[in-house]
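Participant: Below, each chain spelled out in residue letters.
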Amino acid sequence: MNLVVLMRMVPDVVEELEIAPDGKSLDQEALRLIVSESDDHALEEALLLKERYGGRVTVVAPEAPEVADVLYTAAAKGADRVIQLRGVEPGLGVAAMAEACAAALSAIPDLLPADLVLTGAQSIEDLDGLVAPLVAHRLGWPYLGVVTAVSEVSNGTATVIKEFQAGYRGEFQVSLPAVLGVQAAEKPPRYVPVAKVRAAMKATRIEEFEAPQPVPEPLQDVTIVALAKPEATGRAEMLEGSVEEVAGKLCELLAERGLL
Amino acid sequence: MAGNIWVVADQWQGRLTDITFEALALGREVADAFKVPLEAVLLGHGCASLAEELGCADNVIYAEHPALAEPVPETHARALAELAQQRQPRAIVIPATNTNWGANTLLAAQLGVPGLNFVVDLKAVDGALEARCVLYGGKIQVRVQPRKEPAVIGLWPGARPADQGRSERKPSVEQAPVSLAAEPKVRLKRYIEPEAGEVDLTRQDILVAVGRGIQSKDNLELAEELARALGGEICGSRPVVDQGWLPLSRQIGKSGLTVKPKLYLALGISGAPEHVEGMKGSSLIVAVNTDPQAPIFNIAHYGVVADALELAPALAEAVRARKG
Ligand SMILES: Cc1cc2nc3c(=O)[nH]c(=O)nc-3n(C[C@H](O)[C@H](O)[C@H](O)COP(=O)(O)OP(=O)(O)OC[C@H]3O[C@@H](n4cnc5c(N)ncnc54)[C@H](O)[C@@H]3O)c2cc1C
Ligand SMILES: Nc1ncnc2c1ncn2[C@@H]1O[C@H](COP(=O)(O)O)[C@@H](O)[C@H]1O
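Which chain is which? The protein sequence lines are A and B, in order.
Using my numbering, you'd call the opening residue of the first sequence number 889 and step up by one each time.
Using my numbering, you'd call the opening residue of the second sequence number 11 and step up by one each time.
Rather than coming from a laboratory, the hints here were simulated on the basis of the structure.
It cannot be assumed that every hint is accurate.
To give a feel for the contact side, a few chain B residues facing chain A, derived at Cβ under 7 Å [to be verified]:
{"id": "1", "residue": "A94"}
{"id": "2", "residue": "A119"}
{"id": "3", "residue": "N127"}
{"id": "4", "residue": "C143"}
{"id": "5", "residue": "Y146"}
{"id": "6", "residue": "K149"}
{"id": "7", "residue": "R197"}
{"id": "8", "residue": "Y201"}
{"id": "9", "residue": "P204"}
{"id": "10", "residue": "P257"}
{"id": "11", "residue": "S259"}
{"id": "12", "residue": "L267"}
{"id": "13", "residue": "Y312"}
{"id": "14", "residue": "E320"}
{"id": "15", "residue": "A324"}
{"id": "16", "residue": "R332"}
Treat the numbers as computed from the prediction; the structure is a model and nothing was measured.
Don't be surprised by glycine CBs; every beta carbon is placed ideally from N, CA and C.
Turn these sequences into a full structure, and let the hints steer you where they fit.
Facilitator: And the structure:
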């Protein structure tokens, strides 16, 4: 199987997010980036499929700080080819980035035809669309999202499981090639020891590829009015003190409500 | 007909979902502000009777086709694109549920217009449509104005009370043919029922919920101990289930269960919108998180900035002492 995984870096929300002075973007300086969580699951699912059906896994990621680490880690986990895409602006929204990636997929030598393009079901900054359906639309391939498993890959189709709600799932038949938005891989993303990543850094060459021109503008069809942190109204009453004091206060609260 | 506000009805197991009515309530306000009709769009096969419940709208556009019986976002997006091209609405509001995940983006791509995600509110500002979106797991809100019509709006749960979008009135219903020329390349083979959990979490008074902040499977014991002391049950957020620390039957949120216990005690849960939609109706929400900026504190009634691994045993101890 020929599997392509699209991955990208997003702000780590464990850190405090600062709004830039223009009020319309995040202060890029203050951001720490990590790989988008469901993209990591997309990679894991691709690696599982390669183990099951054979083939190769190529990871494509737009240029960003720390993205090299992610690509070397992917190589250490078993990706055969890792490619950094240059010329795509980071920031709010993903439609322009998805367009650029779709154009690049068709332009990168020896990449297509592929059986599947896998990427995350959603990222925390998908303001103007989701990457998977946008790429599917551009390539003219079928799409399915919130995917948690892929099996029975044969004769140009695959069985794909997607999550509905309340624990219900659906089993779908999808014609290949297709683009999948992966929510969670069949297993948690594998751990790879630092030594193996170091070895991959020596053995792997990250290919650089310039995004085909013209690169679409980020957020071309929407105007950002303003960014804000959620209003403090409705904020929780905070309980202060040592852990024991807080535990005592909580007990009082629960007892008052007849919950103890 | 051009310039109307559309709300796409969302169905699950043959019934209209609550978010459909939330979307109608919101759509009503927007349509009134622009002084245009509100139209509900119902897609499916043999589901005409559902139109009767959509009386909050002035008119129901009912597109019937065998292929629309399947919950395939691509097929639904193609039908909506056909209808929108003929009728040119101003905005198309699509409930962002797992069932039609991606349909709003596909529709926007087909129409060449912006498709907004994570929308929690929509209004008319100086004659323009303005959406409020929640990004970064709930940490940032963005006000945006789509610059092309129809604007495709992926609406999140909770924008308005569902009851506000229910009506006894019978709307006019208009059959709208769709051709869906191409054969679908995605087909539903079957639904897979949830694995039966040992307990019905939706009937519990007290739930202790753990998130990624619990850090390891071994630490789960601390939360279980607390749940036992309180006489409640344990549940969790998606990452905890993805790690295999808890079964899917105990996941709360968009893909999991919706619960409304008397007490929801969230340990190490950030409060991402997909989690919040499953528990925001709880009578009392207490959140424990090391991050004072965690969005969960925006919906919790009481908050504690502390290490859940320390607070859980201390609280269990205090509860046991009090119960005697
Ligand atoms: C289509 C779709 C469906 C989804 N469905 C669901 C769903 O059904 N349910 C669901 O939950 N999510 C769902 N998600 C995922 C959701 O977006 C979030 O990723 C998830 O809710 C985050 O879980 P979390 O809060 O446990 O983890 P995180 O967001 O990583 O938060 C962990 C929190 O723990 C805190 N913390 C760390 N250490 C400690 C400590 N020692 N003590 C106290 N606090 C600590 C951190 O400050 C942080 O706030 C869905 C996503 C998509 C795209
Ligand atoms: N003390 C913590 N504060 C905030 N997040 C944490 C903490 N511990 C663990 N996490 C989250 O849990 C994830 C996995 O933790 P670990 O396995 O310790 O790297 C991290 O990526 C964090 O998002």
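Participant: When the structure is checked against the list of hints, which entries are broken? Sort them ascending.
Facilitator: 1, 10
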